[in-house]
Each structure stands twice: as structure tokens, then as C-alpha cells.
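Build out the structure end to end from the sequences listed, making use of the hints.
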Amino acid sequence: MSSTESMAGTEGVTISRTGQQGAFGGELLTVNFGPHHPSTHGVLRLIVDLDGEQIKRLKPVIGYLHTGIEKQMEALRWQQGVVVTDRHDYLSPPINNLAYALAVERLMGVEAPPRAQALRVIMSELTRLSSHLVWLGTSGLELGAMSMLMYCFRERETILDMNEEISGFRMHTSYIRPGGVMADATPRFLDMLASFVKEMPGHVDEYEDLLTMNPIWRARTIGIGRLSPEDAKVLGASGPMIRGSGIAWDLRKTMPYSGYESYDFEVATSDACDCYGRYLVRIKEMREAVKILDQALQRLPDGPVNVDDRKMLPPPREELETSMEAVIHHFKLFTEGYSVPAGDVYVAVESGRGENGCYIVSDGTHKPRRVKFRSASFVNLQALERMALNHMIADMIAIIGTADTVLGDVDR
Amino acid sequence: MGIEDLAESLGQNVLTTTLGKVIGWGRGNSVWPAQFGLACCAIEMIATATAGVDIARFGSEAMRASPRQADLMIVSGRVSQKMAPILRTVYDQMPEPKWVISMGACASTGGVFNNYALLQGVDKIVPVDVYIPGCPPRPEDLLNALMILQERIKAQGILPRQ
Amino acid sequence: MIADNLITERGVSAGDEWITVPADNVHEALAALKGEGYRLLVFLTCVDHLVDQSRPSWPGRYELVYQLRDVEKLRELRVRAFVDGDPPEIESATDLFPPADWDERETYDLFGVRFKGHPELTRILMPDDWVGHPLRRDYPVGGEVVEFSEEHQRWQTPPDRA
Numbered sequence: 000m001s002s003t004e005s006m007a008g009t010e011g012v013t014i015s016r017t018g019q020q021g022a023f024g025g026e027l028l029t030v031n032f033g034p035h036h037p038s039t040h041g042v043l044r045l046i047v048d049l050d051g052e053q054i055k056r057l058k059p060v061i062g063y064l065h066t067g068i069e070k071q072m073e074a075l076r077w078q079q080g081v082v083v084t085d086r087h088d089y090l091s092p093p094i095n096n097l098a099y100a101l102a103v104e105r106l107m108g109v110e111a112p113p114r115a116q117a118l119r120v121i122m123s124e125l126t127r128l129s130s131h132l133v134w135l136g137t138s139g140l141e142l143g144a145m146s147m148l149m150y151c152f153r154e155r156e157t158i159l160d161m162n163e164e165i166s167g168f169r170m171h172t173s174y175i176r177p178g179g180v181m182a183d184a185t186p187r188f189l190d191m192l193a194s195f196v197k198e199m200p201g202h203v204d205e206y207e208d209l210l211t212m213n214p215i216w217r218a219r220t221i222g223i224g225r226l227s228p229e230d231a232k233v234l235g236a237s238g239p240m241i242r243g244s245g246i247a248w249d250l251r252k253t254m255p256y257s258g259y260e261s262y263d264f265e266v267a268t269s270d271a272c273d274c275y276g277r278y279l280v281r282i283k284e285m286r287e288a289v290k291i292l293d294q295a296l297q298r299l300p301d302g303p304v305n306v307d308d309r310k311m312l313p314p315p316r317e318e319l320e321t322s323m324e325a326v327i328h329h330f331k332l333f334t335e336g337y338s339v340p341a342g343d344v345y346v347a348v349e350s351g352r353g354e355n356g357c358y359i360v361s362d363g364t365h366k367p368r369r370v371k372f373r374s375a376s377f378v379n380l381q382a383l384e385r386m387a388l389n390h391m392i393a394d395m396i397a398i399i400g401t402a403d404t405v406l407g408d409v410d411r
Numbered sequence: 000m001g002i003e004d005l006a007e008s009l010g011q012n013v014l015t016t017t018l019g020k021v022i023g024w025g026r027g028n029s030v031w032p033a034q035f036g037l038a039c040c041a042i043e044m045i046a047t048a049t050a051g052v053d054i055a056r057f058g059s060e061a062m063r064a065s066p067r068q069a070d071l072m073i074v075s076g077r078v079s080q081k082m083a084p085i086l087r088t089v090y091d092q093m094p095e096p097k098w099v100i101s102m103g104a105c106a107s108t109g110g111v112f113n114n115y116a117l118l119q120g121v122d123k124i125v126p127v128d129v130y131i132p133g134c135p136p137r138p139e140d141l142l143n144a145l146m147i148l149q150e151r152i153k154a155q156g157i158l159p160r161q
Numbered sequence: 000m001i002a003d004n005l006i007t008e009r010g011v012s013a014g015d016e017w018i019t020v021p022a023d024n025v026h027e028a029l030a031a032l033k034g035e036g037y038r039l040l041v042f043l044t045c046v047d048h049l050v051d052q053s054r055p056s057w058p059g060r061y062e063l064v065y066q067l068r069d070v071e072k073l074r075e076l077r078v079r080a081f082v083d084g085d086p087p088e089i090e091s092a093t094d095l096f097p098p099a100d101w102d103e104r105e106t107y108d109l110f111g112v113r114f115k116g117h118p119e120l121t122r123i124l125m126p127d128d129w130v131g132h133p134l135r136r137d138y139p140v141g142g143e144v145v146e147f148s149e150e151h152q153r154w155q156t157p158p159d160r161a
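Chains as they are written, first to last, in numbering that gives the first Met the number 0: chain A, 0 to 411; chain B, 0 to 161; chain C, 0 to 161.
Source of the hints: derived by calculation from the structure; they are not laboratory data.
Treat the hints loosely; a few may be bogus.
Said to hold, decoys possible - In silico SDA-like links for lysine to any residue, alpha-carbon gap of 25 Å or less: (1) A/310 / C/71; (2) A/252 / C/71; (3) A/232 / C/31; (4) A/310 / C/51; (5) A/283 / A/253; (6) A/366 / C/53; (7) A/290 / A/232; (8) B/123 / C/142; (9) A/232 / C/60; (10) A/58 / C/51; (11) A/58 / C/116; (12) A/366 / B/113.
Next comes the structure, spelled out in C-alpha cells:
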């Protein structure tokens, strides 16, 4: 293998010969695919051994987007780290924030007030929707349904406008922070959310009209990329990957956080175990997300959105002008930050891709000793070879597409 | 046929200009970007191509998968040390004349990630024409950068690049 | 329950149960726990306790952390093992838990911990020719010196006044 690997170039697709005989009388070819290839969802590189057009061996090569986020977190103070968490799984920033915030809160022994919890649920579900929309748009594009991209990004823009309204930023909101959320929801945000909840089910119907019964879409996805329930369990897959294999594992139900246990929603599963099944799971999840949003909006509790802890969060602006103590707290927080009791904690939340976990080790100082992100894409990508074996090379695009790996999440 | 007859037959259909202006106009209004999505900014780059903002209004909707058909590289996202040689290879494969837009804080300076893994600015390996601030920049920012680049291309004409 | 002689320490940290096992018996302990129902390895990672003041003494510099989950009974257990040495070595868990494959490669890449019995222990995130293991505490964060930052000040102040 070493000789063929050295022949493989680093851009686009290069082909090299192995000299081995394939089952169809031809020679096995090693094809280098990526890291700069339009349909690998980022900078994923795959080294594929092909017999004719059949995949006989597949080896993902990752690390082309390694950002050193975990090292960077060690150099930042606890409250600064939130900004960096946004950027590892860049399609679901608030969910990354949530995992980090919950972990820090558990170490500190505080809990966010009910209104903050509801706002966190709202942001998580909006993010899940926008993440699935990007997935649907790009996967549709890769399998020939170009109009999907236009439709999906239309609704995604609506969600991003809401993000902007509530946090001032389109993508990397840093909205969910240890101790609560950045700011209370504006009345305009709640109006936008209400009209979005009303419109979104119709849009999901639109997507289904375009794809669910579309013969080309079905031909490209049904029976492709089978992942049996046993394999899914053994390989540690999570999110739509394991639910698409018929196992109802959803952290929002099994290990609830942020008050998810009080919402009424179903866990989307499909027994198809193939790319089509994963597509159905994501469509169903979009519908369920809208249901959760509706419930959260109906019973959004009143009250503060942050814990009342001056050691953790800055005092309100008005207090700074009257209270010397508030000024001292403010100064301490922004020069030194707060310290978190020594210990370690692991918190997992359900992102659009699966189990998005955050493992934090604190040594009692104002900076974390170690932050590890357990990313769903990193684990799901290991199942790629199992799914793609003995399929045609063109089907690999569908398989990578429905695995929905975000390379920023894989490489961190 | 005399020159007067020629002028009469052509009527108002003649426009005199310089070759540089024509070439600049043609090049500037059909900048084809290479599809070089790296990280978060790539999503905003895709958003720029969709109906809401529509980069096609500026003649740049033809995102080419192959660098050999492209004349603009939009470096959208953070460039890791591992990705840097590949980025340079892709740049080298693009035919002249070519331009580079460095999209976002990470591509321009390393952004919030001042660490071992990232290239602190893509201008260390390729010449950059336009930098876009933001993390990630809005689609409108990318359009603005494209318009700035178009002005430059039009001003350049047939002269070789400085 | 796994044999008590395997557990050197146990406790609860912020609601998470954990046990410590000797580094030499990690494989044995994990196999026993897998038999008890902890069938899923959620993640595997390493923590570098170089100059860590939060405890008077650490059994070893590198702490390997295995987060296990029992999906039927919905319980989790964290297994710790401390190793020392250069390079630190420990038994691989890939034969018990397939997801450990890439996690161990990552831990090798970023911390330099060698896993005995791993089928292909190569770098996974950093380039193959990278020198050093970036997530060790004695490896600098890297990047460039930022003006007006703490580092910049340290860099400008002469050593005798720093």
C-alpha cells in the first residue's frame, strides 16, 4: 500500500495502480478522493481501492481541518471558551455552547433558571433545523436535486435572521453561556418564531414533495449504505445514523437535559437502515423540532435568564453606577475570570449529528486543564467503510452525504 | 466603397474603446470561483450562491469543481498546517490570471485560533487580493469583496499583474 | 462487579461515577466491565497532569480516561488509569471497543501515548511528519505574538524585570 499511497496526489481525484487482480478480471485501482473535492462535505480525504467501480477498501484520512480547538480552550478563560466552542461543529453552534455550558454549570453546581432553559431548547431546535436544512440542501445537490439547495437555504436564512435578532450574529451566536443565556429574547424574536413555527411544516411538505417519492432520489438512496442495527451499536454511531438503523436512541429522551423531558415529541426512527432511512429520520426530526418549538413558545416561563451569581456573571449595567461591589465584581470577571472547582465532568447533548459531548477537567484555576469534545461525526465517520463496502463509487457520495459529517467537528 | 459610405452603413453601431477596457470588462464580469470550501465560511459562501443573495447577479455563480477552470479562489475558512500544501497546489493549478479572496478572520489572520495547528493568515502561502473581515462574514460581505475585486480587474486591463 | 483488587480508587465527580484501575490491568478491567453491560465506549482521551496543583500528588503524569456507558440500564462509568514514562505506554482497547480505534490514534497523535496492540497507530489529525505532541502541557500553544496582549508584554519586558 505504501507505494500506491505515495503516488496519490493531494488534490481532487488521482488514480494509481496496485497491480492486484480484481474479481472482474481487471486490476484493482487506488483512487485518491479529496481533500479538495466538491462532494466530500468539506476537506475529507478518502483512499479507495476499486475493482471496476466497486469499492473494495476505503480509508478516510482526516485532520485537514484540525484547528487545535482543545488546546486553544486551555489557553482561554472559562467564559472566553464559549466563543471557541461555536466553531468546531459549525453547523450547530448553540448546541456546542449548550454542551459546554451544561458541563461548566455542573462543575460549578449551579442550574440555569427556567426561562433560560426554555430559550436554550428553542435555540437548540432552531439549530437542529438549520443544520438539517444545510444537510438536505447539499445532499440533494450532490444527488442531482439542485433546487433543494435553493429551497432549504431560503428557510435557513429565516433561522439565521432569528439568530441575528436574538444574539446579534448570524451563525456563531455564542448565545448559550455558562449560567444562562446571553440576553433575553426580544419581542420581535418571539414574533418571528411564532410565524416560523406556523410556516415551517408547509415547507417540510414542500421538501418531501420534491424528494420522498422522487424516483431518482429513491434509486440513489434505497438499499445504499446499509448499516445494520448491530453494527451501528458496536461502532458507537449516534444521532440519525443509529436512528436510521431502527434504534430509538436519542439523548433528549434517554438522558434528558435542559428540561427536554417535559416536551412532547417522538423519537424519529426508520427500519430501512439505508441512506433513504436516514433521510426519512431527518425529515421527521425537522417536524418534531417544529413541534418542540411550538410547545416551548407556548409555555415560555417568565423570569430571569441568568443565574444570580456575581462570581460567575457580570452585574447588570445599572448596578455599576451605584455599587462599588458591582464594579469590583465586574473588574474581577473581566480581568481574571472565575475559577471552577477542581474535578471533571462529561455532559452529552443531542446535536443534529448525534451525541455531542463535552468533557471538562478543571484544576481549580481560572482556565480549564483539559476540554475534550466528543464529536458525533468523528465516531460516525468510522462506520463509513462498513457502509460503503461493495457499493459503486458513485454511491459513496450518497453515503458520505447521509452520514452528515461536518469536518470541523471531526478534526476539531 | 468610400469611407463615407462605410460610416453611413455602420451608422450608430460602432463603439471605440481600448483593448484593455474590453478585456477588463469581460474578465471582471465573469469571475469563476473555484469551489474551495474549508470551514464555517464555506456555508456562508454557499448561502451567497443561493436565491436570497444570488451571486449570479455579478457573474460568479459558476463555482468550478476543478481549479483549472477557475480564476478566483475564495479561501473560505481556516487553513490548517496540513491543508496548506494542498491549498497551494490548487492555487498553482489555476490558470493565469487568477485572484484570491481571503474570506473571514481565520483565513486572513488565523482569527480566534492563534495556535500551532493553523496557518496564521493564508497570505503566507498565496497572494491575496481582497480580505474580508468577519467570523464568518455575511454573504453581503462576500458580494462586496467581489465587487471590489471586479473594480481592480477592470482597472488592470491587459497589463501584466503587478 | 469487577474484582475489587482492580480498583485502586473510586468516587463521584460532579455526579459522574468513576473508578481508577492500575494501568497494567486496564484491558482486563475494561473487558470485565464490558461483560457487566458497559458495552459502549463513549470516548477515550488523555489528560496531562504536568504541574497540576489540584491534588498533592498524582499517580502518573498522563491520565487515560475511558467513558463507558450501559445503554440498557442507562448508567455511565468513567475509568481512569495513570501512566508515566516517555513514551507512556498502555494496552489498547480496540479489540473490545471498535470506536476506540480512532480515539487511540488521536490520543497517540496529540499526547504521544503508545497503545500496545493497536492495529495501526499512526498520526491522525496532524501531518505525518509533525514533531511533538501538541496537547501535552509542555507544548506551547503556538501561533503568533499578538500586540497589546499578555504574551506581548512578556515578550517586550527584559528578563530581569519580568
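Violated hints, by number in ascending order, as checked against the structure
1, 7, 9 and 10
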